[in-house]
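Taken in order, these protein sequences are the chains called A and B. Quick note: the first sequence uses our numbering, first residue 18, plus one each step. Quick note: the second sequence uses our numbering, first residue 65, plus one each step.
Don't read these hints as lab results, they were simulated from the structure. No false leads were mixed into what you were given.
So the derived list for chain B, only partly shown, Cβ under 7 angstroms to chain A, looks like this: (1) PHE100; (2) GLY162; (3) LEU164; (4) GLN172; (5) ALA173; (6) TYR176; (7) THR288; (8) ILE291; (9) ILE295; (10) ASN330; (11) LEU341; (12) PRO345.
Model, not experiment: these values are computed from the prediction. Virtual Cβ for every residue (Gly too), placed ideally from N, Cα, C.
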Amino acid sequence: MVDTEIRRDRIIIRYKGKKWDWILEPRYWRNTLIWSAFLILFPIISYFVSPILLNTVISANLYAAIAIPLALMTLGTGRMNFGPNFFIGVGGYTAALLSIAYGWGPLATFPLAVIASLVSALLFSPLVIVARGLYYVLLTLLLPLVFLEITFIYTDTFKGDVGLAGIKTLVSTGMVKLNFLIAAFISMGIMLLYLWVVNKVIKSRYGLIMAAINDGEEVAHGIGVNINKVKILAFVFASGMIGVIGWFYAHYFGTFAGITYLPLSFMIKILLVIFIGGRAQVFGCVAGGYFIAFLEMILIVTIGPIQPVLFAVILTVLLFALPEGLFGLYRKRRYREYMPTLHVRR
Amino acid sequence: MRETLQVVLIYAFVLGSIYLLISLGFSIICGVLRIFHLGYAYLFTLTVYLAWMFMKELGFGLIPALLGMVVIQFVISYIIYKGIIMKFVAQEEIILTGLLLVSIVVEQAVNYRYPIQAGVFINTTLIEGSTEFGTAVISNQLLAAAAIAILLTVLFILFFLKTRIGLAIRALSQDIYSSRLIGIHVEALYTLTMFLILIPVIIGTLMVAPVWAVDPTMGSLYMTTAILVAILGGLGNIKGTIIASFLIGFTHSFVSFVLGEPRFMNFSALLLVMIILMVRPQGIAKSEALW
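Take the sequences, apply the hints, and build the full model.
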């Protein structure tokens with residue numbers, strides 16, 4: 018039988034020897050509620066004030082939604098993947114090709130985009146065991162570049178740098194502004210779901226195992242952790258999550274071109290979301306995603322064609338000036354518990 | 065069959081030699097500093113575009129423009145070493161991302177000032193025309209590049225094996241703490257290594273620039289080759305780098321002339337690297353020492 022106990026600060030549920038705590042104490046929820054309210058209200062305000070901001074909100078959510086599983090992957094594999102955009106390409110192209118070939122909508126292409134990402138991740142998963150430290154960095158860096166080349170080789174299928182067009186759109190209410198608003202909330206939903214899931218995983222027993230692998234594979238192996246299993250699981254699971262973002266890009270824009278997502282310039286943005294956000298701190302990924310998306314938008318609007326240069330310069334300065342990232346500034350003031358940080362092992 | 069084999073082998077030699085020139089600097093920096101210079105791509109771009117800038121904007125002749133470019137390359141390398149590599153040596157991920165960002169800053173700045181439509185061209189052709197080897201026709205400039213690559217590699221090997229500084233750098237590549245203990249000036253040798261790697265990069269770029277495509281993103285393509293060679297060779301081992309360069313040159317040549325699919329060159333090289341890594345995770349040669 019389910020046994021429920023209500024205390025002053027929490028609800029405790031017990032079932033067949035298992036126990037779940039749900040903390041009610043307002044101080045635990047205050048910051049979460051404030052930030053969630055801000056995130057939810059911002060698109061609504063943008064809808065009425067400046068609809069163009071909705072596109073930036075969507076970009077920010079998607080950057081964060083790529084960075085969050087990447088943080089999990091980094092933690093679980095003990096290695097820094099420098100080519101997460103490969104899985105965006107896999108998810109995006111799967112959705113795009115299916116949608117164009119069979120006229121499938123986003124709901125029909127979703128499971129296949131996820132499966133394609135998972136299968137490709139499984140195929141490349143031996144890398145997390147075979148390739149150590151810097152080898153892994155270089156090999157993962159090359160994956161999206163080679164995929165990009167394949168898209169150019171098979172121009173008939175992938176349409177090279179023009180990209181695939183005619184993909185069924187994510188939302189079609191007949192009102193453009195409303196479409197953007199709904200897409201903004203879907204992207205936010207994905208991002209918040211990722212945040213919740215990854216945060217739960219990191220705080221669970223598996224999170225501790227991953228932290229042990231991240232801190233020292235030999236030590237983790239010595240204490241009885243099946244490191245290969247955990248590394249492959251973390252790699253494949255996170256890659257599937259990143260593949261979903263590719264699916265979103267394909268159906269959101271109605272077009273998909275590898276040249277947009279596979280080059281180094283896009284990958285570096287994701288890495289910077291992680292570093293400027295807070296070195297693989299999952300909440301920092303949200304701060305990093307919003308910071309980078311809005312900085313990019315502001316520079317495009319204000320300085321025009323020299324934006325790519327100045328954008329890269331500003332990010333370079335910030336990378337060196339904020340070694341713990343934006344979330345690090347917050348954590349310095351409110352240090353609570355041990356959180357593993359990522360590092361590339363030589 | 066015999067003719068095809070001849071073409072494959074000749075191109076494997078020429079391409080392998082040029083890849084050796086392109087990737088020697090990357091491997092040396094891997095072997096000595098034990099970092100990946102992910103900003104390596106900007107060296108190629110700057111070589112061509114700085115020379116072009118001196119000629120176009122300041123009206124320099126070719127030789128003064130090249131000298132000016134070399135001086136600026138040295139200054140930038142020094143700044144990058146002191147400002148990024150030295151400062152963040154304990155935080156590998158910051159170095160990797162920072163160097164990659166530097167490369168992107170240079171690429172974007174060059175693309176802003178001299179987009180591909182600017183028609184940048186520097187005439188560093190040493191020998192005009194082409195030579196026929198049976199059915200294979202190869203540009204003389206590429207043959208000269210291959211010869212220079214071999215010569216330069218031999219000089220580098222002699223430098224590392226026969227000179228005291230070379231010996232000190234090899235010691236440094238094996239163990240930094242022991243090197244300090246026996247009085248090796250680590251910082252000075254690191255700086256020297258940063259300068260040394262510029263030599264093959266600059267010479268290689270100038271040799272292939274009149275023959276191969278020049279555009280603001282050219283560095284990324286060359287760096288991809290350098291990365292593949294470095295991984296395959298064993299991260300910083302010169303013997304491994306030489307073997308890997310020719311192995312990748314052979315793969316490219318084979319894919320182009322036997323399979324008839326030159327578009328698959330990089331893909332085939334990546335596959336080769338992955339297969340070899342499965343069998344020998346440390347690469348062809350162990351990366352514990354430079355030689």
